[in-house]
Amino acid sequence: MSKAASDKIKKIAKDIYNDIVKSKQPTLTSPIRSLNNVEYDKKDGYFKVKGLEKTRTLTVSTSKSFAQSLLLMNESKKVIAANDIMTKREAYYVSKNWGDAKFNEQPESDTCMDDMEAMMGVLREQLGFIPEEDGGAVSGNLTIIDKDPDTGKEVKIDCTKFASGAYNIPADVEEFKFETKANFILAIETAGMFQRLVKHKYYKKANCVLVSLKGVPSRATRRFIKRLSENKKLPVYVFTDGDFYGHMNIYRTLKVGSGNAAHANQFFCVPNAKFIGVTPQDIIDYKLPSHPLKDVDVKRGKDALKNDPFVKAHKEWEKAIRLQLKMGKRAEQQAFAAYDLNYVMNTYLKDKLKNSKTWLP
Amino acid sequence: MVGVYMAKGTKADELAKKQKEISVAEFFEKNRHLLGFDNKRKALLTTVKEAVDNSIDACEEANILPDITVHITDMGDDRFRIIVEDNGPGIVKKQIGKIFGSLLYGSKFHKLSQSRGQQGIGISASVMYANLTTGRAAKITAKVHKDKPAYTCKIRIDTKINKAVISDEKEISWTGKEHGVKIEIDLEGSYMKGKQSVDEYLKQTAIVNPHLNLIYQPPKGEQIIFPRASEEKVIMPKEIKPHPYGVELGMLMKLLHASDKRTLEAFMKDEFSRVTAPVAKEICQNARLPTNLKPQNMTRQQAEDLYKGIQETKIMAPPTDCLSPIGESLVEKGMKKEINAEFYCATSRRPAVYRGNPFVIECGIAYGGNIPAEGTVDVLRFANKVPLQFQPGACAITKSVNETAWKSYGLSQSGSNTPTGPAVVLVHMASVWVPFTSEAKEALAHYSEIIKEIKLAIQEAGRKLMRYTAKKRRVKDELKKRSYIEKYIPYVAKGLKELLGLTESQETGVTKKLQILLEKKRGEVKDMSFDASKNVDFDEEFAKIGKEELEEIQQEIDDEMNGVKSENGNNNGKKKNGKKRNGKK
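In the order they appear, the protein sequences are chains A and B.
According to my numbering, the stretch in the first sequence is residues -4 to 356, in order.
According to my numbering, the stretch in the second sequence is residues 29 to 613, in order.
Next up, chain B with everything else stripped away, as it sits in the complex (with noise of 0.2 Å):
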C-alpha cells in the first residue's frame, strides 16, 4: 500500500501538478462581489466610496479639514472616469504602490482606532477592477509638502504577485496645491440617481461628517456643492492596543511569535491596554506560566494556556476615550438638513464594549412634518461616519430597530417588523473595530453587546419621542372634544326648543350661551401644527438627492437606451420605445 502512494506518476501527483498557491488579489479577481464589485452600478459607488473615504481619513490623522472633489466623467459605452482630490498629507513615493497596488496592505489593519477604512482592501481592489474591465492603469498623484514637487506615477496590479506595477513615474508642479492626493480611474461602470446611488452616498456622509467641505460633479447635471457645517475639527480618535479579552488564540499566537520582547510579562504589559505589571503577574499566574518565557518560543499548548489564564483574569474595560462620536447635536442638525420634520431628538449613549473593543452607538429620530405617514420608516445606517447603503436586512441596526416595540412611541409595528409611521431613523456605531459581515463592509454583524446597546439608544430616543407624541395626542384629543362644542350643543339647543317652545332667537341664544361657556371652561390650546418653514436647517435641494424617484430613473434608462439605439441608426426601436413609455403613462 505504502509503495502505491509512494510511486511516482500516481493520480495525486497529476493533481499537485495542477494544483498551486493562488494570491490573495487571485482570489479577489474572481469574487469580487466579496469587496462590493457584484455589478457595474454598486462597482463605481463602491470605488468612489473607498476613495472619499481613506481622503476623510487621512485628513483626519494629519488634523487636517477635508476638502475633497469627485468628478466623474461618462467616457461612453459604460465607461467612467473616476477622479477624487484630497487635500489630506499626501503620500511619501515608495508607498504608493503599496496602498493603491496590493491588496490587504494599510496603516489601519493592525492598529485599534476609529476609522473608515479597516482592512486595506478597498482601494487597491478598485485599481484592480479598473485594470481588469477597461484595461487602463490608475494614475496616482500626491504632494506632501508645498516646497516639494508632487509625484505622479500609473499603476496596475499584478494579480499573481499581488504586487503593483508601477509605469509613468514623473515629478511634476502641481500649483496651488500645498498637499493632498488625486486619483484617477477609469472603470466600467452605471451611474443611476436614487437609492444606493453615489449621490446618495455623499450626501450621507456630509450629513454625519459636518466638517467636510464636499464638491461634487455627477456625470450629468450641475455640480453640487456640500459646504461645510461645521469649522469644528473633529477630535483624532485615539489608537489603542488591543484589548486582552477581544484576541482570539490564533490571533495570540501570531502576536507571540511576532514580538520583540523578551519576557512573557513584559509582551503583556506592552502590546495591549489595561494591563499593568501585577495584571500581567496574575496572567501569567492563572496560565501557570513563568514570567520570564520567551514569547517568541511558547509552544501551541503554552499559548492556549495563556488565552485560559487571560479569561481567568480581571482585567478593565478598555479606554473609551480613543472613539470619536457625531455627537447629540450634531446628529439633530444633519437630520434637520436632510429631513423636514417637526420633531428631532438624539441620542449618544456612553462607550460600550464587545470583544474587547471599545464601541458607542448614537441614534436620532426626525418625527411628523413632510415624513410621509404611511409606508415603513426609514433606516440610516452609520458605521463611522460612512452611511451602509446596501443589505439592510443583515445587519444588526435593523434588526434591533425592528425588535424595539414601537408602539409605545407613537408608531404603528407589527409583531417583530420595521415599524411604520412619519419617521426616520438613524442609528451610528462608532468603534475602533466595526464588525461588518463582509468585506464589502454593508451590514453590522450580530453581537449581542451591540444589539444591546443599538436598543438602548433607539430606547433613550424613543422615549425623548414618546413624550413629543403623547403630547401631540392630547392636543388632537382636546380639539377632538373642542369639536363636540360645535357637533352636539346646537343639538341640545334644538332639543330645548321641542320641548319648552322656545322661539328661534331663543334657540340661538343657547347655543350662543353654552359654546361660550364651554369654551371658557376648556382654556388654551398649545398650536401643534407643522410648519414647514420653522426649521431653517432643511436644504431642500440638499434633500432631494438620492430621493429621486424611481420613475425618473426608469425615464433616464429609457432616455439612454433610444440615445444608444438612434446613434445606431434604428429607428425603429427608437419608435418601440417612444410607445412603452407612452403606454405606462
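Bound conformation, chain A alone (with noise of 0.2 Å):
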C-alpha cells in the first residue's frame, strides 16, 4: 500500500490540528464532482478536473461529517499500515463503533469515501478501500499473470482455459502483467452477448481479447482495460445496445471517464477506445427492430447533448444523437438475433470490423 496515501492523511490532520490550536475553524477543501468541473483535453484523450473547489468549514452544521471524515481517513490509515483491504460495506460496519458519529446507511459513508478520495487526489483502491461489486469477465488469447496470495509466487492464468466460463477481474489489477497474441480487445455490454461470442468462441475466429462490462464499468474493469490496451498496445473496440445509456454511461466513461470521479479519470480512461456499434445508423442499415425511446432516454439524449463535454467536442456524436432523437428509437445488441442467432457473429461484427467507417469516435 502506499506511503504516500499515509503521509497526505498526516498532513491532513496535521493542518486541522493546528488551525484549531490558533482558534481558527478548520476547513476541508475537495474539487468538485460533477461535469460542471471537467473539460475534454482533445491531446490526453480524457476529461480532465477544470480546479472548481468546494470548502466545508468545521461548522455546527458540518460537524458530525467532519468528524466522520477524520474517523474514516483514520481507518484508512490503520489499513494501509496493516496492508489489508476494506470493502465500501465494510467500511460502512466500521463506523459503528464511532458512537454518534456512525453512518446511518452506506450512501452516507460511500460519499464520504469519495469526498477523501478526490480531496487526497489518491485513488481510493490505494487508501485501503475496495468496492463492493465485481469486475467485468474476461475470455480469448491472453495471458494472465498474477501473484499467489500467500506465497506470492507468480501464477498464470491462460483466459482460453475457462471453457464455456470466463475469468473474473479482481478489484486490484495493479499489478498484472500480460501475455498476448490478440490483434484488439472487443469490450461488451451485456453478459449475454459475451457468453454467444465465448460459447462459438469467437476469440480464436477473431484473434481478440472479449470482455464483458456488465453495464457501466466497474473501475476496476476499466483500469485492466486500460492497462492491457496500453502495456500490449491493443485497440479497444467497444460494443453496446444503441441507446444513449450504452453510449454515454458506458462508453463515455470507460474511454474519457465521468464527472463523479473527476479525479481520478486519469487512472481509469482509455483515451484509444473506438465506439462500434450499435449506432443509430446501424438501426437504420440493419433494419433493426426496435424500441421507442423512453421519458428518461430523451432527457439522457438531451442532457448529452447540451451539458456533456465530450459530445461537444465530437460532431460525429453530436450528429449521432441527434439523428437517434429524430428517429425516437432504441436497438438492443441482441436484437439481431431476428434475423439468426449468429447472424451478429457471422455477419454484423465481421462488417462493422472491416469497416471503420461506421465506427464513432
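Calculated from the structure, these hints are not laboratory results.
Each hint should be verified, as a subset may be incorrect.
Partial list, computed: chain B residues near chain A (C-beta under 10 Å) [what the hints assert, rightly or not]: (1) Leu321; (2) Tyr335; (3) Ala521; (4) Gly537; (5) Glu547.
Chain A stretches covered by chain B per the calculated footprint, using a threshold of three residues with CB under 8 Å from any CB of chain B [claimed, not checked]: (6) 45 to 59; (7) 65 to 74; (8) 93 to 103; (9) 272 to 280; (10) 325 to 335.
In this text the structure is predicted, and so the values were computed from the model without any measurement.
For every residue, glycine included, the Cβ atom is placed at its ideal position computed from N, Cα and C.
Fit the two chains together into the complex; they arrive one by one in their own frames, and the hints show the way.
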C-alpha cells in the first residue's frame, strides 16, 4: 500500500490541528465532483478536472461530517499500515464503533469516501478501500500473470482455459502482467452477448480478447482494460446497445471518464477506445427491430447535447445523438437475433470491424 | 260520487271529530327535546341558561351592569330548586304572565338586535317543564322601582290554550333591592360536573361577558364567585329594521298585511333599513307596482312581484354599528383566565352580512403551555355571548374549523378533521339574528357567508399563531444544532488524536477550543420555554370548573347510588357498588 497516501492523511490532520490550536475554524477542500468541473482534453483524450473546489468549514452544521471524515481517514491509515483491504460495505460497518458519529446508511459512507479520495488526490484503492461489486469478465487469447496471495509466487492464467466460463477481474489489477498475441480487445455491454461469443469461441476466429463490461464498467474493469491496452498496444473496440445509456454512461465513461470521479479519470480512462456499435445509423442500415425512446432516454440524450464536454468536442457524436432523437428509437445488442442467432457474429461484427467509417470516435 | 262525500257519518266525518287544533304549548310538551329538555341533566342546564341569558339581556337593555345570583338546591328524588335573581329593570305586572307563561311570547322575536334570547320560548318552556315534572308552579318576584313594592305570583301554563294561570298574587316589600327579577323553579333534573354542565356554562358565560358579576351556589360544594373583570358597560346593541334582502316572501306578505302605512312606498321606506324614498320608488318600479298601492290590500301575486323587485334593486348593505362584539383584547383576556398557555391571539372581523342580517365573527387562539399536546383541539363556540355546549358536529363553527388548513399554522391535522395539538380555539358570532339549527340553540346553521367569515377569522388568527410557532421552531432548530457541538465535536478531537497521536490533554484542548469557537459563532438564542407563572390573568380554580375528570364524575354517581341504596337499607347493594369501584382501580 501507499506510504504517500498515509503521509497525505497525516498532513491533512496536522493542518486541521494547527488551525484549531490557533482558534481558527479548520477547513477541508476537495474538487467538485460533477460534469461542470471537467473539460475534455483533446490531446490526452480524457476528462480533466477544471479546478472548481468546494471548501467545507467546520461549523455546527458540518461537525458531524467533519468528524466522520477524520475518523474514516483514521481507518484508512490503519488499513494501510496493516496492509489489508476494506470494502465499502465493511467501512460502513466499521463506523458503527463511532458512537453518535456513525454512518446511518451506506450511501453516506460511500460519499464520504469519494470526497476523501477527491480531496487527497489518491485513488481509494490506494487508501485501502475496494468496491463491493465484482469486475467484468475476460475470455480469449490472453494470459494474465498474477501472484499467489500466500506465497507471492507468479501464477499464469490462460484466459482460453475457462471453457464456457470466464476469468473474473478482481478489485486490484495494479500488479498484473500480460502475455498476448491478440489483435484487439472487444468490450461488450451485456453478459448475454459475451456468453454467445465465448460459446462459439469468437475470440479464436477474430483473434481478440473479449471483456464483458456488465453495464457501466467498474473501476477495476476500466483499469484492467487500460493497462492491457497500453501495455500490449491493443486497440479497444466497444459494442453496446443502441441507446444513450450504452453510448454515454458506458462507452463515454470507459473512454474519457466521468464527472463524479473526475479526479481519478487519468487512472481509468481508455482514450484509444472506439465505438463500433450499435450506432443510430446501424438501426437504419440493418433495419433492426426497435423500441421507442422512453422519456428518461430522451432526457439523457438532450442532457448529453447540452452538458457533455465529450459530445461537444465530437461533431460525429452530436450528429448521431440528434439522429437518434429524431428517430425516437433504440435497439438492443440482441436485436440481431431477429435474422439469425449468430447473425451478429457472422455478419454484423465482421462487417463492422472491416469498415472503420461506420464507427464513432 | 259527490253524494258519498256529502253524506253525514262518513269515515272522514268520524276522523274529523278526532282532528283538533293543537297549541304551540301542547306541541312542545310532546317535543321537549326540541327546546333542550331531552334528559334530566340537560333540563337543569337549559333552565339555568334561559334564566341567566334573559337576565343579562334585560340588564344590557336597561344599561345596567349585571349582578346575578344562581342558586341550585338538591331536594332529593331527582328534584332541584333553581333560583335566579338579577338586578335588571324588573318586569311590569301585566307582562309577567305572558313572558313566563306563554310560549313564543317575547320582545325579541320581532325585532332585529343582538341579544341572547331570540324566540321567546326558553323560560316559559322551563316553567312548563317544571309544571309537568314536579306539578309545582314557578314563583316570580319582580320589582321595577326602589320606591314601589315588589310583585310576586305563581305561574302554571295551561298547555291547551298556551296561557299562564296565575295564582298567589301578592305585593311584598323586597328590602335591599332597587329593581330586578327573581325566578324560582322546581323541576326534575340531574346535576353533574364536567363537560356540558351548568358549571361549564356559567364559566364560559363569564369568559365572554367580563362585565358580568355572578355568584353561583351549586347543589353541592362551595359557592363560586365569578367576579366582574371589566367595569366597562357593554355598548348596548342597537335595534335595526330588517333589510329587504333578508325577508322571505311569506314574511313580506305578513309585514304588508300588518302594516299601518297607507302606501307601498311609505311601507318600504319605513319598515326596512337602507330604503330611502328614491330606493323605495326604484323597488316599486322594478316590481312594476304603483307606489301608492295600499299594502294591506296587496294580493299574493303583487307581493311576489314586490319580492322580485327587491332582488333586482341594488340596496346598500345593512348598518353594522348595531352589533356589540366582545373585542380582541377581551377575547384574549378571557382565554388567559381560563387557559394557562404560552401564546394568545385574537381577531375581530369587520361586520359582514348574510340574508340581510349583519354579523361579526371573532376568533381567539391559545397555544402551548399547559394545554395537552396530544388529542384534538378544543373548540369553544359562542353566539351572541352565549356558550354553545351541545351538537358541535352540526355547527358551522366546527365545520369551518375543520375545513381550515391548520398545518401551516403549526398544528397537526389529517384531512378535514379537527386539528390536533396544544391549542384551544374560540369562535364567537354576534348578529342581530343568529341562525340556529334548532330552538334549543345548540349549533349555528351552515350559511355559506357565515362559514366564509368564520374561516377568514380563523385564518387571520392562525397567521398570528403561525408567526409564533415558526419562531418557536427556529429556536428549537437552533438548540438542536447547538446540541451538535456537544455531540460531535468530541469525535473530531478523537479522530485527530488517533491520526496524530495526541495526548489526552491535547485532545480535551481541541474539544474545548472548538466548543468556544463554534458557540461564539452562533450568538445569543431567545429563551422560549414556557413560564407557567407569567400569565397573571390565569385563575387556576376558575380553570378547573367544568373540567372535572369523568372518573371523578363516575365516582360521584357511585356515591350517590350508594347513598340511595343505604337509605333503603340495602346493604348488599352497597357492597356490590363498593366492589365494583375497587375493581376498576
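Results of checking the hints against the structure:
no., hint, verdict
1, Leu321, "violated, 74 Å"
2, Tyr335, "violated, 61 Å"
3, Ala521, "holds, 9 Å"
4, Gly537, "holds, 8 Å"
5, Glu547, "holds, 9 Å"
6, 45 to 59, "holds (count 6)"
7, 65 to 74, "holds (count 5)"
8, 93 to 103, "holds (count 4)"
9, 272 to 280, "violated (count 0)"
10, 325 to 335, "violated (count 0)"
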